[in-house]
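Work out the full structure, taking the sequences as your base and the hints as a guide.
Just so you know, the sequences run in chain order A and B. Residue numbers for the first sequence, in my numbering: 41 to 154. Residue numbers for the second sequence, in my numbering: 147 to 261.
I should point out that these hints are in silico values taken from the structure, not numbers from a laboratory. Treat the hints with care, since some could be wrong.
Lysine-lysine pairs mimicking DSS-like chemistry, simulated, CA-CA at most 30 angstroms apart [to be verified]: (1) K149(B) / K216(B); (2) K97(A) / K162(B); (3) K219(B) / K97(A); (4) K149(B) / K219(B); (5) K162(B) / K219(B); (6) K111(A) / K51(A).
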Amino acid sequence: DTGVSQDPRHKITKRGQNVTFRCDPISEHNRLYWYRQTLGQGPEFLTYFQNEAQLEKSRLLSDRFSAERPKGSFSTLEIQRTEQGDSAMYLCASKETVENTEAFFGQGTRLTVV
Amino acid sequence: AQKITQTQPGMFVQEKEAVTLDCTYDTSDQSYGLFWYKQPSSGEMIFLIYQGSYDEQNATEGRYSLNFQKARKSANLVISASQLGDSAMYFCAMSLNFGNEKLTFGTGTRLTIIP
Numbered sequence: 041d042t043g044v045s046q047d048p049r050h051k052i053t054k055r056g057q058n059v060t061f062r063c064d065p066i067s068e069h070n071r072l073y074w075y076r077q078t079l080g081q082g083p084e085f086l087t088y089f090q091n092e093a094q095l096e097k098s099r100l101l102s103d104r105f106s107a108e109r110p111k112g113s114f115s116t117l118e119i120q121r122t123e124q125g126d127s128a129m130y131l132c133a134s135k136e137t138v139e140n141t142e143a144f145f146g147q148g149t150r151l152t153v154v
Numbered sequence: 147a148q149k150i151t152q153t154q155p156g157m158f159v160q161e162k163e164a165v166t167l168d169c170t171y172d173t174s175d176q177s178y179g180l181f182w183y184k185q186p187s188s189g190e191m192i193f194l195i196y197q198g199s200y201d202e203q204n205a206t207e208g209r210y211s212l213n214f215q216k217a218r219k220s221a222n223l224v225i226s227a228s229q230l231g232d233s234a235m236y237f238c239a240m241s242l243n244f245g246n247e248k249l250t251f252g253t254g255t256r257l258t259i260i261p
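This is the structure we're talking about:
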């Protein structure tokens, strides 16, 4: 397994457009997390899945954001009606549901809204 | 709610010297895990080291060690014999349930190694 994969790596979109990002976790990992990182800050939690169930959503996740993980494999994060404030790096991470283990991160999708 | 504080926005260290990156945390939970991640300019978060809240010994991973002082709620990262490739952003993070929940990150420290 080559690790967590995110696509696309970079996305430039016009304000008001919808965008969708994909994350492919490490295959045996049943937990999948989405984080957002703005310039000069640490990543902030958005949401996470245990298999296909979305267990927690941050208050940062407005109604313009939606995430899915059909069949408990890959996940998508969609942003509708993008705003300039959505410009950030979107990071996906996966891990086993085992204590004392780390989450593995993908390389992220950098979104620029113009 | 959990909180991570990293008070050093940037540090410059001579190559081959040791460096300590500070991290303090706040939580009322007893069962938690503390992590350090490295983020080079490429953007990927690379796991370095983990410490569980009930671990009595400080964690070590190669050149990395975690100085865990539970009473002071600090979890400082020590890098020995720094190398040019250590130049990156370093984030301290914590997660409840011994690392099984979401990560809460600090604002990071930018480490620059000087040849």
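Evaluated hints:
1. Taking the CA atoms of K149(B) and K216(B), the gap is near 15 angstroms; set against the 30 angstroms cutoff, the hint holds.
2. Proximity of K97(A) to K162(B) is assessed by CA-CA distance (about 43 angstroms); at most 30 angstroms being required, the pair is judged violated.
3. Proximity of K219(B) to K97(A) is assessed by CA-CA distance (about 27 angstroms); at most 30 angstroms being required, the pair is judged to hold.
4. At most 30 angstroms may separate the alpha-carbon atoms for a hinted pair to count; K149(B) and K219(B) meet this at roughly 11 angstroms.
5. For the given pair, K162(B) sits about 29 angstroms from K219(B) by alpha-carbon distance, which is consistent with the 30 angstroms threshold.
6. The hinted pair formed by K111(A) and K51(A) meets the criterion: a straight-line CA distance of about 26 angstroms does not exceed 30 angstroms.
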